[in-house]
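Make one complex out of these two single chains by using the hints.
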Amino acid sequence: MAGPRHLASRSSRSATDTAPRTKANPPPLDPVVSRSGQEAGAPFEARGRPLRCVPPGHSAREGGCRGAWTTASRWNKGWDVWARSVRRRKRGAWRCDIIYILKCASSSSMRLESRLLREPGESHLPREFVGPARRSRGRPRSEYRPRVLSPQDVDRLRRHRVPAFLLTPEWVTNSGYPVTFRPWLLLPNALSGQVSSDYRILPVADSDSLKEPGVVELVTFLLRFDPLAARVVASRNRARLNPHELYRRVRNEGLETAATKVRLQEFAPAIPRVGASLSTSELRWIERNNPPLEAPS
Amino acid sequence: MTEPAVAAADELLRKYSIRYLVVGGQAIAQEAATATRDVDVMVTTADYRNAVERLAKDPGLTLAWEGGPVTRFGIVAQRGTPLDVVDAGVFSGTKTAQEFFEFLVREHSIHVEGIRYLSPDAVWYTRLLTKRWKAYAEKIVTNIIDGLSTDHLDRVAEIARKFGTESTIRERLEYVREELKRPDLQQLVDQG
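If you read the sequences in order, they're chains A and B. One point on numbering: in our numbering, the residue at position 25 of the first sequence is 37, and numbering is uninterrupted. One point on numbering: in our numbering, the residue at position 166 of the second sequence is 407, and numbering is uninterrupted.
Simulated from the structure, these hints should not be mistaken for lab results. Predicted, not measured: the structure shown is a model, and the values here were computed from it. The beta-carbon is built from N, C-alpha and C at its ideal position, and this holds for glycine as well. Keep in mind that a hint or two might mislead.
Which chain A residues face chain B? A few, computed with CB under 10 Å, are given here [stated by the list, open to error]:
no., residue
1, Tyr189
2, Trp297
3, Ile298
Covered by chain A, according to a simulated footprint, are these stretches of chain B (three or more residues, beta-carbon under 8 Å) [as the list claims (entries may be wrong)]:
no., segment
4, 370-382
5, 385-393
Bound conformation, chain B alone (with noise of 0.2 Å):
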């Protein structure tokens, strides 16, 4: 079942026409637990600031942040929950945001009920290239516990190499691998 605070986003981007893929714990929590309660949508570069200036102007929302390549907006139907609007061409590495975004919807997203849902691998290595990474990668290692494939990773090297950003996702993914080997947390996985 859809969650409100998605279908609820859905209306609203829906309402402009507005191409999106939704990405984050949201999409995580099609195959694993999440801990999120926010929406994180991904438009193109093309579209996104065109976006975001026709969902600041709509009253189902109030515009909280803008930082860049992400805009936060609160939606009001759902107490606020947060609606981040996301640059694809932070990702997007040597190629263009509208091929990153076109591979994405082509390779890595699943339809649930008319809503497009980035794959777990694609959100991890949107996850990995973010500053926040270190934090990121605990919650991977969280969804592995909680019986994600490790397989993932390998597919996150794959876009990686598709995309030109190796170099900088391999030394991360290390990272989350090396958080694995923990005996304690082998425990665990072989569970999930």
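Just chain A, same shape as in the assembly (with noise of 0.2 Å):
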């Protein structure tokens, strides 16, 4: 089972992460339960690995997982595993945390789940921005899901390292498409359900495209919703546009089929070609009945 590895990168504070916190250096809201693994001396690829692994409509167990839980010393990197932790209070100071582990067999049917998590300490945003949190008797962090309703608190996640993107038409006019749409939300799957948003929310497979997202990536988002746009765009951009990019993030997404409807192969000749295309008259026509915006004089 891959475990969304980025995440763990963009939200778990390494050892050498020692810079005081301040508004501009905030404490991650972390994506996954990081700290039980992380003091269990869990390598740092391990603590990426989701909370939980669950299979629609079951229950872990019934999904397949074997074995009982158990506890453990350390974090076995080896195991798919649906964890909890509990912490113990060891003389007035949290100290250690005990992990129980359920042995899990993945399976293709699981489907990744994370939890946005603080600690005590990290109590200084928004409250606008907190939704309501659920806590665990006797657990020190408390789970987060945040409110997002404006461009703004999409900043604010991603400032706190949350790979949050908020795709609007603007930016897909500005490079070329002149449209109009209601603006989406992209987050990663794992996280799609965790945030509260009035806008629409596109799941992304593969988040590492909401890191720094260009031209690439819209092209490959736009797919999702609006091939037609996708190809236009592609078109308009055809020189910032890398190839193998676009082929890796087709690829990651799934979209070989609207990425076939409307050609993109020829701008990445390398993406299987998987159902009907639309032809190339079509096509053309399209680009030719909506030009770009001028530049303002």
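This is the structure:
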């Protein structure tokens, strides 16, 4: 089971990350439960594993997980686990975790879930930004459910190293395809259910693409809901389009059918052809019919 | 608020007392997202030739091309934004262009700030009757993702029944419905 490693790498504070917490360097809103693994001596990549692997509609055990809840003194990288941790208080201070682990046979029917968590000290976030938090009894960490109602909220999430991005019509228009649509909030699949928002949420399989999205990523996102726009943006930004990157993004999102429909192979020949394509004349006509906006004089 | 290009087209068409309906993307834009900048207007077959001839002489327009039932002008004041004048007869099936036009005015149009726009179902009907219907089917799917109800598809079928274009439209509607069954699209449509 491939865990979202990039989430950990974006959110976990490394040993060298000792800069004081300021507005410019806020504590992370961890998209994964990392601390338990960290204290148990987990390797860095293991900390990026999701807290739960949940077969849709079933409990983990019903979904093919084996074994029993047990304690573990260290993180076992080889296991795909459904883990929960309980902290014990020793002499007035939180000292260590006991990790309960259910060995779990991963299966393709499982979906990964992540949680946004915060430490008790990380409470300086504006109240309106934080939705109802769930806090287990006796647990020092509580669960976040950020409310994202404005572009500023998205920026705030990004500042806290949560991979989120707002796809706006202005971005598409500035990329050469004048269009209007209600903005989409792009979130990794694992986090798409963990944020409250008035924006429509577009789950993204490859959350790496949300780090610094450029024209390749824009084309990939557009393929999801407006393949014709994706085609025109690709065509009008051909010079800036890296075919290898486009191939990689399209494959990661599983968008070969949509890419074939608008003949993106013209820009990234390696993309496998899946399904039927629109005729070249239809695609040319779409491009001609919606010229880019002229720069204001 | 009326789009500046639509307002400019309206001014020109009123000058010559041409009765028209705004169709295409600008009509869809009244209810959903759209990528269009051009203005498409529909006139009856009886008015079409006369309208094109009058508009071609107006200094506020440049004639881009004439293609049978569609003539494209550029609106000078709008940096050449295309104005397509479309003959309603192309879509009227077994009835006259006049009957089709009046039907649209009566049952499938809305009046916004003095300008009459076609409803989305009627726009989809006209789009699915063109030779580029597959590209338009993609646009219809995008409109539905953006929040337009799939009920409009049923109304497209009703219009087709009324004007005897049912056999053509049925197959094309089926194509759109098949597209919408894709699981990845379903998730997006549900949010619309």
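Results of checking the hints against the structure:
1. Tyr189: Result: holds, 6 Å to nearest chain B Cβ.
2. Trp297: holds, 6 Å
3. Ile298: holds, 6 Å
4. 370-382: That given contact holds, which follows from 5 residues of the segment 370-382 of chain B lying within Cβ reach (below 8 Å) of chain A.
5. 385-393: Contact hint for the segment 385-393 of chain B vs chain A: holds, 3 residues under 8 Å.
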